[in-house]
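K.L.:
Protein sequences, first through last, are from chains A and B.
When the letters of the first sequence are read in order and numbered with my numbering, they come out as residues 5 to 164.
When the letters of the second sequence are read in order and numbered with my numbering, they come out as residues 102 to 624.
Worth flagging that the hints you see were computed from the coordinates, not collected in a lab.
A hint or two may mislead.
Facing chain B, from chain A, some residues (calculated, C-beta under 8 angstroms) [stated by the list, open to error]:
no., residue
1, L17
2, E54
3, F108
4, K132
Cβ pair distances, simulated, as ranges [unchecked claim]:
no., chain 1, residue 1, chain 2, residue 2, range
5, B, Q390, A, K16, 54 to 60 angstroms
6, B, L233, A, A66, 40 to 46 angstroms
7, B, L248, A, K131, 17 to 23 angstroms
8, A, D76, B, N337, 16 to 22 angstroms
9, B, H367, A, S67, 23 to 29 angstroms
Simulated crosslink set (EDC-like; lysine to aspartate or glutamate; CA at most 20 angstroms straight-line) [what the hints assert, rightly or not]:
no., chain 1, residue 1, chain 2, residue 2
10, A, K48, B, D484
11, B, K459, A, D76
12, A, K46, B, D487
13, A, K131, B, D319
14, B, K459, A, E75
15, A, K33, B, E523
16, A, K59, B, E496
17, B, K440, B, E402
18, A, K21, B, E227
19, A, K16, B, E154
20, B, K165, B, E189
21, A, K33, B, E524
22, A, K16, B, E152
23, A, K16, B, D194
24, A, K131, B, D363
Please read all numbers here as calculations on a predicted model, not as lab measurements.
All C-beta atoms in this analysis are idealised placements derived from N, C-alpha and C, irrespective of residue type, glycine included.
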Amino acid sequence: MQFMLLFSRQGKLRLQKWYVPLSDKEKKKITRELVQTVLARKPKMCSFLEWRDLKIVYKRYASLYFCCAIEDQDNELITLEIIHRYVELLDKYFGSVCELDIIFNFEKAYFILDEFLLGGEVQETSKKNVLKAIEQADLLQEKTETMYHSRSFIGCKKAY
Amino acid sequence: MSDIVEKTLTALPGLFLQNQSVGGPAGVKASFSSRLGGLVRGITALTSKHEEEKLIQQELSSLKATVSAPTTTLKMMKECMVRLIYCEMLGYDASFGYIHAIKLAQQGNLLEKRVGYLAVSLFLHENHELLLLLVNTVVKDLQSTNLVEVCMALTIVSQIFPREMIPAVLPLIEDKLQHSKEIIRRKAVLALYKFYLIAPNQVQHIHIKFRKALCDRDVGVMAASLHIYFRMIKENSSGYKDLTGSFVTILKQVVGGKLPVDFNYHSVPAPWLQIQLLRILGLLGKDDQRTSELMYDVLDESLRRAELNHNVTYAILFECVHTVYSIYPKSELLEKAAKCIGKFVLSPKINLKYLGLKALTYVIQQDPTLALQHQMTIIECLDHPDPIIKRETLELLYRITNAQNVIVIVQKMLEYLHQSKEEYIIVNLVGKIAELAEKYAPDNAWFIQTMNAVFSVGGDVMHPDIPNNFMRLLAEGFDDETEDQQLRLYAVQSYLTLLDVENVFYPQKFLQVMSWVDASLSF
Numbered sequence: 005m006q007f008m009l010l011f012s013r014q015g016k017l018r019l020q021k022w023y024v025p026l027s028d029k030e031k032k033k034i035t036r037e038l039v040q041t042v043l044a045r046k047p048k049m050c051s052f053l054e055w056r057d058l059k060i061v062y063k064r065y066a067s068l069y070f071c072c073a074i075e076d077q078d079n080e081l082i083t084l085e086i087i088h089r090y091v092e093l094l095d096k097y098f099g100s101v102c103e104l105d106i107i108f109n110f111e112k113a114y115f116i117l118d119e120f121l122l123g124g125e126v127q128e129t130s131k132k133n134v135l136k137a138i139e140q141a142d143l144l145q146e147k148t149e150t151m152y153h154s155r156s157f158i159g160c161k162k163a164y
Numbered sequence: 102m103s104d105i106v107e108k109t110l111t112a113l114p115g116l117f118l119q120n121q122s123v124g125g126p127a128g129v130k131a132s133f134s135s136r137l138g139g140l141v142r143g144i145t146a147l148t149s150k151h152e153e154e155k156l157i158q159q160e161l162s163s164l165k166a167t168v169s170a171p172t173t174t175l176k177m178m179k180e181c182m183v184r185l186i187y188c189e190m191l192g193y194d195a196s197f198g199y200i201h202a203i204k205l206a207q208q209g210n211l212l213e214k215r216v217g218y219l220a221v222s223l224f225l226h227e228n229h230e231l232l233l234l235l236v237n238t239v240v241k242d243l244q245s246t247n248l249v250e251v252c253m254a255l256t257i258v259s260q261i262f263p264r265e266m267i268p269a270v271l272p273l274i275e276d277k278l279q280h281s282k283e284i285i286r287r288k289a290v291l292a293l294y295k296f297y298l299i300a301p302n303q304v305q306h307i308h309i310k311f312r313k314a315l316c317d318r319d320v321g322v323m324a325a326s327l328h329i330y331f332r333m334i335k336e337n338s339s340g341y342k343d344l345t346g347s348f349v350t351i352l353k354q355v356v357g358g359k360l361p362v363d364f365n366y367h368s369v370p371a372p373w374l375q376i377q378l379l380r381i382l383g384l385l386g387k388d389d390q391r392t393s394e395l396m397y398d399v400l401d402e403s404l405r406r407a408e409l410n411h412n413v414t415y416a417i418l419f420e421c422v423h424t425v426y427s428i429y430p431k432s433e434l435l436e437k438a439a440k441c442i443g444k445f446v447l448s449p450k451i452n453l454k455y456l457g458l459k460a461l462t463y464v465i466q467q468d469p470t471l472a473l474q475h476q477m478t479i480i481e482c483l484d485h486p487d488p489i490i491k492r493e494t495l496e497l498l499y500r501i502t503n504a505q506n507v508i509v510i511v512q513k514m515l516e517y518l519h520q521s522k523e524e525y526i527i528v529n530l531v532g533k534i535a536e537l538a539e540k541y542a543p544d545n546a547w548f549i550q551t552m553n554a555v556f557s558v559g560g561d562v563m564h565p566d567i568p569n570n571f572m573r574l575l576a577e578g579f580d581d582e583t584e585d586q587q588l589r590l591y592a593v594q595s596y597l598t599l600l601d602v603e604n605v606f607y608p609q610k611f612l613q614v615m616s617w618v619d620a621s622l623s624f
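Go ahead and model the full structure; you've got the sequences and the hints to work with.
P.N.:
Set out below in structure tokens:
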């Protein structure tokens with residue numbers, strides 16, 4: 005995969021992951037033009053586009069567009085399933101995910117994406133394993149934070 | 102209430118929160134009172150780009166001050182980093198924060214480190230000078246006793262790593278290939294895959310370890326090794342023919358449902374794995390009868406098993422068909438694959454139709470009769486409301502053009518050309534039309550007319566070869582002298598007429614062609 009973009013129906017970017025080295029200027033240009041092209045598509049049209057020399061696979065989930073650019077030899081249908089799998093993972097993690105979850109917790113969305121698609125390639129892992137990896141880090145963080153805060157609470161008490 | 106007051110009031114919570122500290126353990130959902138939340142809501146409330154710019158610049162200057170302040174804790178830095186990522190996503194430059202991202206990854210505890218690494222992967226690129234500073238952190242984390250830190254290090258290496266520093270981490274990663282935890286082995290393989298992509302000669306010596314990964318007891322590790330094998334086989338398939346048996350066996354096991362149920366995706370066993378294996382087999386069996394024979398059985402089985410009505414089975418079928426047509430032909434398989442393509446093309450589901458057309462385009466050279474079988478559907482697709490389907494159909498027709506159908510096909514292409522605005526498409530299509538016109542033109546008049554249409558639409562963007570070839574053709578002519586004279590005469594006449602028309606705008610290249618023709622060929 006070359007890149008994945010998530011954007012709203014108004015064209016606001018919610019997530020961008022690039023798996024190929026491109027300059028900032030090029031990224032901005034591609035994003036702008038591609039978003040316009042995809043938003044112009046009507047609902048009954050097919051989920052695949054040929055745009056410039058790239059193959060684009062996109063799907064809309066509620067108010068969010070998921071858009072991937074793949075290489076010539078890649079299978080378009082399976083890319084649709086990659087998108088779907090990612091949505092399933094987000095759904096399981098956030099519990100009935102909606103666009104707001106992704107907006108306000110985009111770093112978590114990135115973590116999940118990186119566990120599932122590493123370097124642009126799907127890691128064939130069960131859904132269970134992907135979420136376990138994320139949750140493990142979350143739990144460890146919570147434990148550390150709770151300890152930290154109980155200590156600092158005591159610290160505060162001492163200070164006042 | 103005036104607009105301005107309203108907007109200020111909405112932006113206030115964001116500004117206030119910058120002075121409070123965010124406490125509490127990191128929950129699954131960030132609360133709306135987080136600073137990012139405030140910023141996002143502030144942005145959403147604004148209506149103009151100019152106001153958004155102002156707010157973001159304000160935010161960026163405050164962030165710049167915070168990140169450089171010595172009193173900023175790592176926790177605050179993490180919060181800042183998230184907002185910096187957000188600002189960059191909206192298109193603003195936050196490069197002052199890059200160095201702090203690296204520091205955060207270096208010094209932070211788990212979640213802070215994770216955000217630091219994430220920021221690095223989003224901000225920097227392969228050749229960025231700051232990337233070298235990351236190497237020490239990665240080395241340290243790879244040796245950490247905390248497995249989550251090791252995973253993070255491996256993850257960042259798989260995404261972005263300076264090529265010159267590969268030797269510094271290579272032995273550490275090789276070591277991880279034997280780790281007891283599946284996730285570490287898997288990520289180590291993917292890190293090596295990244296190294297293979299950016300510096301293949303540096304991993305030359307460890308190919309034997311890839312073989313071990315291929316035979317790993319855990320499916321995830323084996324699947325990860327396939328990414329490397331796919332690339333290596335693509336470059337040199339003959340070096341890996343001996344592995345065909347292993348790949349066939351693995352695919353048999355997957356298709357036969359021998360994998361743990363965890364790997365099922367909507368009751369289809371490991372679809373991504375199946376597709377990867379099918380691709381590898383396609384490469385290995387190409388032009389090689391003996392190797393292809395090893396795979397006929399499993400391909401037959403895959404075609405048979407993928408009977409469910411789900412998108413993912415169609416994806417596997419498509420890949421199967423592709424493989425069947427790439428390897429040494431076997432008639433029974435080809436028949437089944439052709440039936441599959443037929444089902445796709447006739448499907449009411451638009452995505453499948455598109456793929457059916459694509460498959461037809463691919464197989465048309467090997468089996469021209471298949472297109473004839475479906476020609477009614479193909480003709481219907483020409484008038485399909487979706488421009489992508491139309492374009493795919495034109496692509497297909499381009500390949501089956503002959504002297505009989507050239508007029509119709511070129512006409513459809515010209516129609517599409519007229520309504521197309523994208524430069525890339527125009528260039529592409531113009532090239533094709535010119536080629537077809539030259540090859541199959543039934544008579545001179547048609548040829549000139551078609552080339553004129555091509556020039557007037559594509560004039561400014563098309564490849565310079567096209568008008569040059571055209572002029573050369575007119576100058577040199579074909580074999581028949583009288584024919585040539587007629588051709589030139591027709592060309593000259595048509596251009597004189599065109600130039601006479603008032604209030605019309607022709608692309609420059611077209612004008613050049615016309616002037617050249619009229620000047621050099623008129624008598």
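K.L.:
All hints, please: hold or fail.
P.N.:
Status of the hints after comparison with the structure:
Hint status for L17/A relative to chain B: holds, with the closest Cβ pair at about 5 angstroms, below 8 angstroms. Of the supplied interface hints, the one on E54/A holds, with its beta-carbon coming within about 7 angstroms of a beta-carbon of chain B, less than 8 angstroms. Using the Cβ-Cβ criterion of 8 angstroms, the hint placing F108/A at the interface with chain B is satisfied: the shortest such distance is roughly 5 angstroms. At about 6 angstroms, the closest approach between the beta carbon of K132/A and any beta carbon in chain B falls short of 8 angstroms, and the interface hint on this residue holds.
Checked against the hint of 54 to 60 angstroms, the pair Q390/B and K16/A passes, with Cβ atoms roughly 55 angstroms apart. A C-beta distance of roughly 42 angstroms is found between L233/B and A66/A, which places it inside the suggested range of 40 to 46 angstroms. Separation of L248/B from K131/A is about 21 angstroms and conforms to the stated range, judged on CB atoms against 17 to 23 angstroms. Between D76/A and N337/B the Cβ separation comes to about 20 angstroms, which falls inside the hinted range of 16 to 22 angstroms.
A hinted range of 23 to 29 angstroms holds for the C-beta pair H367/B and S67/A, which are about 24 angstroms apart. Distance check on the hinted pair: K48/A and D484/B sit about 15 angstroms apart at the alpha-carbon level, within 20 angstroms; holds. Using a Cα cut-off of 20 angstroms, the hinted pair K459/B and D76/A holds, with the two alpha carbons roughly 12 angstroms apart. A distance of roughly 9 angstroms separates the Cα atoms of K46/A and D487/B; the hinted pair therefore holds under the 20 angstroms criterion.
Distance check on the hinted pair: K131/A and D319/B sit about 15 angstroms apart at the alpha-carbon level, within 20 angstroms; holds. Taken as a hint, the K459/B and E75/A pair is honoured in the structure, with Cα atoms around 15 angstroms apart against an allowance of 20 angstroms. Restraint check: the Cα-Cα separation between K33/A and E523/B comes to about 15 angstroms, which is no more than 20 angstroms; the hinted pair holds. Using a Cα cut-off of 20 angstroms, the hinted pair K59/A and E496/B holds, with the two alpha carbons roughly 15 angstroms apart.
Distance restraint check for K440/B and E402/B: the Cα-Cα separation of roughly 15 angstroms lies within the 20 angstroms cut-off, and the hinted pair is therefore satisfied. Annotation: proposed proximity of K21/A to E227/B holds, straight-line Cα distance about 14 angstroms (limit 20 angstroms). Restraint check for K16/A and E154/B: the C-alpha separation of about 14 angstroms stays at or below 20 angstroms, so the hint holds. Distance hint between K165/B and E189/B is fulfilled; the C-alpha atoms sit about 14 angstroms from each other, no more than 20 angstroms.
With a CA separation close to 15 angstroms, the supplied pair K33/A and E524/B stays within the 20 angstroms bound. A threshold of 20 angstroms between alpha carbons decides the hint, and for K16/A with E152/B the separation of about 16 angstroms falls inside it, so the pair holds. A hinted pair counts as satisfied when its Cα atoms are at most 20 angstroms apart, and K16/A with D194/B qualifies at roughly 17 angstroms. Taking the CA atoms of K131/A and D363/B, the gap is about 7 angstroms. The hint holds against a cut of 20 angstroms.
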